[in-house]
Each structure stands twice: as structure tokens, then as C-alpha cells.
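Number of protein chains: 2
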Amino acid sequence: MATTSPTVTDICLAAKAASRSLAQLDSGVRDAALLAIADGLEARVDEILDANTRDIEAGREAGIPGPLLDRLALNPERVKGMADGVREIAALRDPVGEVIEGWRLPNGLDVSKVRVPLGVVAIVYEARPNVTIDCAALAIKSGNAIVLRGSSSAANSNAVLGAIASQAAAEAGVPEGAIAVLSSGEREELAELATREGLVDLIIPRGGEGLKHALKAVATVPVMYAASGNCHVYVDATADLDDAEKIILNAKLQRPGTCNAAETLLVHRDAAPAFLPRALKALREAGVELRADARTRTLAGDLGPTLADATDEDWDTEFHALILAVGVVDSVEAAIEHINRHGSGHSDAILTNDTQAARAFTRGVDSACVYVNASTRFTDGGQYGMGAEMGNSTQKLHARGPIGVRELCTYKYVVEGSGQARP
Amino acid sequence: MATTSPTVTDICLAAKAASRSLAQLDSGVRDAALLAIADGLEARVDEILDANTRDIEAGREAGIPGPLLDRLALNPERVKGMADGVREIAALRDPVGEVIEGWRLPNGLDVSKVRVPLGVVAIVYEARPNVTIDCAALAIKSGNAIVLRGSSSAANSNAVLGAIASQAAAEAGVPEGAIAVLSSGEREELAELATREGLVDLIIPRGGEGLKHALKAVATVPVMYAASGNCHVYVDATADLDDAEKIILNAKLQRPGTCNAAETLLVHRDAAPAFLPRALKALREAGVELRADARTRTLAGDLGPTLADATDEDWDTEFHALILAVGVVDSVEAAIEHINRHGSGHSDAILTNDTQAARAFTRGVDSACVYVNASTRFTDGGQYGMGAEMGNSTQKLHARGPIGVRELCTYKYVVEGSGQARP
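Protein sequences, first through last, are from chains G and V.
First residue of the first sequence: -9, per this note's numbering; consecutive thereafter.
First residue of the second sequence: -9, per this note's numbering; consecutive thereafter.
Keep in mind the hints are simulated off the structure, nothing from the lab.
Just to be clear, a hint being listed does not mean it is correct.
Which copy is meant is left open, because identical chains are indistinguishable; a pair holds if it fits in one copy or across any two.
Said to hold, decoys possible - With a cut-off of at most 30 Å between alpha-carbon atoms, the simulated DSBU-like pairs for lysine-lysine come out as follows: (1) Lys236 to Lys202; (2) Lys6 to Lys236; (3) Lys271 to Lys236; (4) Lys70 to Lys206; (5) Lys202 to Lys6; (6) Lys103 to Lys202; (7) Lys271 to Lys202.
None of these values were measured; they are calculated from a predicted model.
Let the sequences and hints guide you as you build the complete structure.
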């Protein structure tokens, strides 16, 4: 898609300039811009689908596998879904200007900690074109300018979506340059984006480990990783076994390719004889490949001898597929220790009726999201009532868990006085 | 101080292990440990002063300049001050386990966002030995293990202070390894510390730009910069000139070597004829070297022709000394623009009696701390009522402004249900 386009630095400079006035816009203007984007998507659906068809055809010629083409493909319903998603984001409470806390000091100074936009957020992502619109909408809602760098396989779709969004936003009063789509492809471009200190305030990579490492090697701007998840479901001695079976099936199967799907099932030795035979049977019938430790094979009844060995590597792997590692542990403490050693700090669940076990688990598991008697699949900005999300963070600084509009903000202290000087 | 000491990695491994149980300790135990540290400092004051004397003597022989030796020197009062500081930190409310917010979802799930320790915090700092104790106390209060790497010129002092702190803490029930002092000096050691991903959760450099750049070049663990400050005082058209004079004198002179001292004075053109002659006279009489723009020289009365020219570089410089750049601007918008272009995003103040100017300034200035009618010198965790601080952050991710006990924490989502699976 090489045209005589502005450089990455030009685009970042324009985004920074736009971010200064965007941060000062009232939410009424920003919300009107979002509704205009939603309307624009619906009004220009033919244009979007034309561009998408060109991407799909090019992808088919280039031999892109079917599931990836599926993720790339748009249709009228998906475009309507994108527009509705933007309207939902518009309806969220404005994070900008929220007073997080405030207090008066003994010397009479009034201190307020006020939420403000970060400035310019960049996102690097793969395939799905709806990410372009989700992220643009989250950025505008949170008062940030955004630089979008999608996959080259979606270049036509993203260019049209970006143009619709930035035109609609500009007509509603959002400054030009606030929504920018980079033509994608070159690694040098990524390095340029990741080193624009002072222009780019945050870069979020959404994608595989390759992208993450490529960025880590070059980035000098702050990076927030929307990371992978090696999630666990632990069935405690006192668990309700019906709930436990329902939840491991849900956590593994409801959408196995997502980062909050379960990859390991741990079962307390006291629950194992009753739980493993029925749960593993149900999982296998649903098409899940099981990799079990020795105690599981002993305690799983007739199924036991038919189970494959779990290797050391299996405990550390995010399968992203219909594969599940299964182990038996002696206690909730052993489960916590296993999860903290092998997990990725994303989402982990305990099934239990024991308040002390629940308390030990929620306190001891060092993960972004810890569940008691619920599926790990709930880790999601939408599910949490935060609107859409830019991804899920497993890092500890700044944001942990879903990255929504608040997480795209920083804060400042505003201190008001009547002439105070420091003694 | 080379003895056959454990490697940096050994120390970080021990700190990580300690952090796991430290995070689970009730605040009663952690607070008791802090009080024991305070008592230990007072009981072992002679030992501390002996070690400090050795550092001072070595420093004198090595030709360390007087002001640096001053910062390095301890005496009974300073040791008492350190102990009292630890007791103040013990008296703070426990940040660990604070429910930041919580809500119930439509499906009945209860979501709580709970503050939890980061894990292992490392700090790299210069000269002043009291930092060793301040930072150890802040870490224990916030449930974190800490790795301390001070200046080699304070090696004897820091070794004794670290030993007193870790012994007292251990006797009170804090796990061994939670407070570790690295023998300092080698750059390789710094690089090793800054690359222990998975062991060190955060590294905070306190010191000059050289240290910052050295770390930036090698660090793979998250870094939070306790940064320098190029702070501004802006005197608006409607300012109370008595307050304005008092505050610029305070912001420049009360402690000129600190990061929240003022480096630039901006004056609205309407206030300049009345304000500049008196303010610049008072500043000069206090020993401040003034560097002024052309309009200031015109509007400063008799003093005008005697003022040195401000160069472009002066606007960007944190003098850390009795030097002040002075400029005249046409409007609050021009002041905001100057500050956002030349400032470091630390602390900036407006003096005004105009509510709209105050509002424009607090919203428009993109800094960690923005003051209305008060001195920039208040930017400090202690002054803000947050207890002591690890430094002040001018970055936007995670913490902005004073880094206190809450800022040494992350959070996790705890989600409690009754068997919910995702539809």
C-alpha cells in the first residue's frame, strides 16, 4: 500500500498535537464523535465490505489459512456489531477528570488526584479489523490520540475503517490526527514507532510472542503487554462437583483460542476419585486431548490407563487449543504453589465450599484475576462492565487485567491553596 | 567491601522467596517489624556512627567534595530522625488488601479490585544513608521485599544500617532476605540487577541523569524513574503580588538543590511592570543569579539593563542552584504552552485570582503536580500526607508524583461467584 505517505514521526507529531486539544474536549464532544463514527460505519458498510473483500482475496492468493481468513472477514452483521460496540463505549462514564481521591492538608492545601489522558497511545495488532474501531473508540473515549498499526493482511480494511473513524470524529470536532492508521508491514516502521519518546506515551502490542519480543528488543517508549494466559482451574476437596465440571468445561471449551481459557486442571486428592472419572470423560467426549500426571492416571478410574503423560513442558504451555494438562495436588497450598510457578499470572480459579481455602487461594495466587466458583473466561473488560478492552495485562505496573478506558489514563495532582509556602 | 558474598541473582532469588510470604503477613507483624527497626537504630547508634565515620574518612581521602560529605554524614540527631521516620511509616494505614473498588455484575459475580504488593522492589541511589532506612521501611510497610544498592561512598554505613534493619525485621517475623543490601560499585552488578526478570518486579533509580541512562540502556525489568524537575512559577495578571513574591522566593530558595525547586519564573505582561522590579530585586538580594528574556529586561525597571540574557538552553535547564530564568508571557495559554514545551512534567504553579485562568492552568499543564496559589516545594510524599517517599515520578505509567507505599503496590481482581460459567 505504499503511497507517498507521511513518515511515522510525522504521524506521531500530529497525534501528539491533536492529543493536547483532545484532552481538553468535553465528553459531550468526544461522545458525539463516537456516535458519528458508529453512524459512519453503518452508512459506509459497502465501502468497508469492498475493501475487506480485497484483503480476503489477497489473503487467499497468499495462502493465508482458513481460520485466519475467518478472523479477517467482515460482513454486514459484523460491521453492525462494531458500530454497536462504539455506541456502548460512548455510553460509558467519562474517565477524564474523575477525582480518584482528594484530601485537605493540615496547612489548608486541597489535594486532588485527577484522572487525565495519557496522550498518544499506539497499538500493534494482528488480523481482526474490528480491533481498529474498538481501539479508536476506546482512545477517543479516554481523551487519547491513537496510532493504529494493524496487520498488512488487513491493510485495505483498516485503511477504510480508519478513514471513516477519523473523518466522522473530525466532523464532530475531534482534532485532525487524533486517529491515525499506519500502513503496515515493515519492521523498521515498528521500531520507529516504538522509539518516539516524548511523542508516543504508551505502545500496546496485541499478538504473538514474536511481536512481543521484537518490541521488547527495540522499544524505548513505555510498553504494556496484552499478554498470553496459562490459566488454571483448581478443584478443591470440598468443591461442588457439578459446578466444577460445568466450569472446567466452560473454561476449556467455550472459546479455546482465547487467553482466559483454561490450560491446566488441578484436583485435590480428596476430590479426585469422585471428580476425575466424570470430568475427564466429559472433557474427552467434547474433544479435549488430556495430558495427565501419574496420580491422575491412578485416580481417573477406567480412563486412567488411556491418558497421555503430562510432560514438564505441558504445565508451562498455553495450548490455545483443545488440549488440557491435568494434575492431582495434596492441598490448596500445593495448588497455589503450582500456579505461581507455572502460570502466567493471568486468570486462575478455585472451586470450593471452604471459606479458608477460598481465602488462601485469592490471597496466595499472584495473578491479575483470581476466581472463586466461577470460570476464568470472565476475564474481559466487557464482562467486567468496563466496556470494551484493549487487551489484558499480566504485568504488575500501571494496569493489571483488562485494559479499558481508565487504564488508558494517568493522573495528576491538582493542589489548590491561598498563598502557602513551604516552611 | 568485597567479601565472598552471594551473587546478585542469589540475593534476588532470596528476596523473591521472602516476598511471597511477606505479602501474606498481617500488617500487625509488618508494623511490629518497623518499630523494631526504629528501636534497633537507636540502640545501635554507636555502631552506625562508627561505620559512618569510616565512610567519611575514606571520602575525605578520596577527595569527595564537602557538600557530598555533608549529605553522607550521620550524627545522633540524624539517626534519631531516621528512627522517627520509620515509626511514622509504621503508623500509616496498611495499603495491602485495600479494596480500591468493587461492584456486582448482572450475573451475580462480585468483583473486587484489591491492592497487593508488587513483590521485589530494587532501588539504586546515591550518597545519603537515610535512604537505606526510608526505603526499607516503605517496602516492609507495603509488603514488598527490597534490594538496596547505595553509593559505594556510603558502603560501610549502608551495610550496618541494612544489617540492623534486616535483623530487627527478622526477629519480628519478617522472612529472611526481605531486606538486602548489595555491596555497591560495579556497573556489571547494576546490569545484573536490572535484568532479573521474574525476580525483580520494579527498579527505581534515584540519582543523576548518568544513572538513568545507564539503566535505560540495560534494564529489562520495569523501571520507574525518580526524575529531575524543571519547575515553573507563573504569575498571572490578577495574582496577589505579595503572595507571588513570597512563593517564588520559597520555590527558588527554600531548598534549591531539590527536584521541586523552581527553575523558571514566568510573568503575565500585565503583572510584569508592578511585579518584576520588586520580585527580581528580592531574588537578587537573596543571591539568585537571574537570566531574563528581552521583555523582562524592558519591564524590570532599573534592574532591567543589569540582567543577563536567558538562552534557549536556560528554559530547558534544571539548574539545581541559585539561578533562575525569567520570562514575560502574553497570556495563561502562552504560559501553559511554554511549560509543556520546556518543563519536565514535575511541578508547576500558577499565582492568580482568576478562576478561569486557574482552571485553564490546572487542566492544560501536563505535569504530575499542578499548584494554584502555592509553592512547588510541596511536591513530596511527606507533605502530601503519604508518609515518606521513594522519590517523585514524572512518568505517566503506574505512578505519577510522589512514590509512596500505595505506589509500591499493584492490584488484583478477586471475583467471587456461585458456579457461574460464561454463556
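Practice item. Check each numbered hint from earlier against the structure, then list the numbers of those it violates in ascending order. Key: 1, 2, 4 and 7
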